[in-house]
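Number of protein chains: 2
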Amino acid sequence: MNYPNGMRKRVKKKPKSSTKIAYSNRGMSLEEDINVTNSYYLETNRAVIHKKPTPIQIVNVNYPKRSAAVITEAYFKQASTTDYNGIYQGKHIDFEAKETKNKTSFPLANIHEHQIRHMNAILKHGGISFFIIRFKEHDETYLYPGEKIVYFWEQQNNDGRKSVPYTSIQKDGVLIPFKYQARIDYLSVVDQLYF
Amino acid sequence: MNYPNGMRKRVKKKPKSSTKIAYSNRGMSLEEDINVTNSYYLETNRAVIHKKPTPIQIVNVNYPKRSAAVITEAYFKQASTTDYNGIYQGKHIDFEAKETKNKTSFPLANIHEHQIRHMNAILKHGGISFFIIRFKEHDETYLYPGEKIVYFWEQQNNDGRKSVPYTSIQKDGVLIPFKYQARIDYLSVVDQLYF
Numbered sequence: 001m002n003y004p005n006g007m008r009k010r011v012k013k014k015p016k017s018s019t020k021i022a023y024s025n026r027g028m029s030l031e032e033d034i035n036v037t038n039s040y041y042l043e044t045n046r047a048v049i050h051k052k053p054t055p056i057q058i059v060n061v062n063y064p065k066r067s068a069a070v071i072t073e074a075y076f077k078q079a080s081t082t083d084y085n086g087i088y089q090g091k092h093i094d095f096e097a098k099e100t101k102n103k104t105s106f107p108l109a110n111i112h113e114h115q116i117r118h119m120n121a122i123l124k125h126g127g128i129s130f131f132i133i134r135f136k137e138h139d140e141t142y143l144y145p146g147e148k149i150v151y152f153w154e155q156q157n158n159d160g161r162k163s164v165p166y167t168s169i170q171k172d173g174v175l176i177p178f179k180y181q182a183r184i185d186y187l188s189v190v191d192q193l194y195f
Numbered sequence: 001m002n003y004p005n006g007m008r009k010r011v012k013k014k015p016k017s018s019t020k021i022a023y024s025n026r027g028m029s030l031e032e033d034i035n036v037t038n039s040y041y042l043e044t045n046r047a048v049i050h051k052k053p054t055p056i057q058i059v060n061v062n063y064p065k066r067s068a069a070v071i072t073e074a075y076f077k078q079a080s081t082t083d084y085n086g087i088y089q090g091k092h093i094d095f096e097a098k099e100t101k102n103k104t105s106f107p108l109a110n111i112h113e114h115q116i117r118h119m120n121a122i123l124k125h126g127g128i129s130f131f132i133i134r135f136k137e138h139d140e141t142y143l144y145p146g147e148k149i150v151y152f153w154e155q156q157n158n159d160g161r162k163s164v165p166y167t168s169i170q171k172d173g174v175l176i177p178f179k180y181q182a183r184i185d186y187l188s189v190v191d192q193l194y195f
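Protein chains in written order, with full-length UniProt numbering: chain D, 1 to 195; chain Z, 1 to 195.
No lab work stands behind these hints, which were simulated from the structure alone. Take the hints with a grain of salt, since some may be wrong.
Since the list can't tell identical chains apart, any single copy or any two copies may satisfy a pair.
When the alpha-carbon atoms are kept at most 35 Å apart in a straight line, the in silico DSBU-like pairs for lysine-lysine are as follows [said to hold, decoys possible]:
1. 77 with 136
2. 179 with 101
3. 65 with 148
4. 162 with 65
5. 65 with 103
6. 136 with 65
7. 103 with 52
8. 65 with 179
9. 162 with 103
10. 103 with 136
11. 124 with 65
12. 171 with 65
13. 136 with 51
14. 136 with 148
Bound-form chain D, shown alone:
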């Protein structure tokens, strides 16, 4: 059996002997973890949540005979919304996921203004919106409510602070448990915060 990125070694180091919840998940990127989690949620009928495709501006396409169209020139576009959305317990869920190497804060430079506008609109229409933030150096992944991110974003113009302190994320966010199948089991945190 092949484990990605040295997972095997980790499994050996941490035998599942205890009932302690693991919050650690070295190796896979946050995006991979969330994709695996969403697939698991979908297969188990827990929720229908997908990552949106990366927006791309297509400039040139070739149509070779007898084979698939080839895009030969295209550019990455800036996303106008968040990366993930879907439905859970009848509610609209919308979130963005970000990793940072920073230890003491989450830099707001990671976010675009239209993403904040989008989250704000989702919240006003009665949806659930949040960030999943991974502090790579702490090996911790948090669910942090959209309202809080919007608050810090708007505060930028007042106090000039360009980041969300790690302490605020610890206080107002919730650490997401790492599980074997629902690797980043964020819906367990959504249950806790919103239902």
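Add chain Z to chain D, keeping to what the hints say.
Only chain Z this time, still in chain D's reference frame:
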């Protein structure tokens, strides 16, 4: 003022003298009409509904010095969900839009099985899911409930019928009015059917 695709002529032909609702909209593609409509809904805080980007498999990217990354080889992937989703009145909305030149039926070959599975899942989780179907030859655009499409899809294996009859779409669907700003004002039909 520039009107796209000969709109001007149409406007001249149909002065807004009556209170009759127009259901006709020659000229723009269904996708363009829906995008314009969604922008209008967003600007007026009516709903937050976006088209998902086209899924693309990127094979090669060049990073020229001092300029943006260029994708030099990529392929279109099949969508695993529907094209549009978002939130309206606190409810999750999910739909697909299709045009057909057929006059008597909507061919199911226009739909992929995973799209049907996706719609089914959305419906089971309490979302609103439907098709927007334009019959180009009739110059009519209908909202047709997801449940009905799923029914016809599943019937294929029983009666072998590979399309949804135009008569069923007239009976169980609702003609979407054409308006100046919300060009394809499908939320007026959603109000009527779901709220």
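Consistency of the hints with the structure:
no. : hint         : result
1   : 77 with 136  : both (26 Å within a copy, 32 Å between copies)
2   : 179 with 101 : within (22 Å within a copy, 50 Å between copies)
3   : 65 with 148  : neither (53 Å within a copy, 38 Å between copies)
4   : 162 with 65  : between (53 Å within a copy, 29 Å between copies)
5   : 65 with 103  : between (53 Å within a copy, 31 Å between copies)
6   : 136 with 65  : between (47 Å within a copy, 29 Å between copies)
7   : 103 with 52  : both (29 Å within a copy, 34 Å between copies)
8   : 65 with 179  : neither (47 Å within a copy, 42 Å between copies)
9   : 162 with 103 : within (15 Å within a copy, 58 Å between copies)
10  : 103 with 136 : within (8 Å within a copy, 57 Å between copies)
11  : 124 with 65  : neither (50 Å within a copy, 42 Å between copies)
12  : 171 with 65  : neither (59 Å within a copy, 43 Å between copies)
13  : 136 with 51  : both (21 Å within a copy, 32 Å between copies)
14  : 136 with 148 : within (21 Å within a copy, 47 Å between copies)
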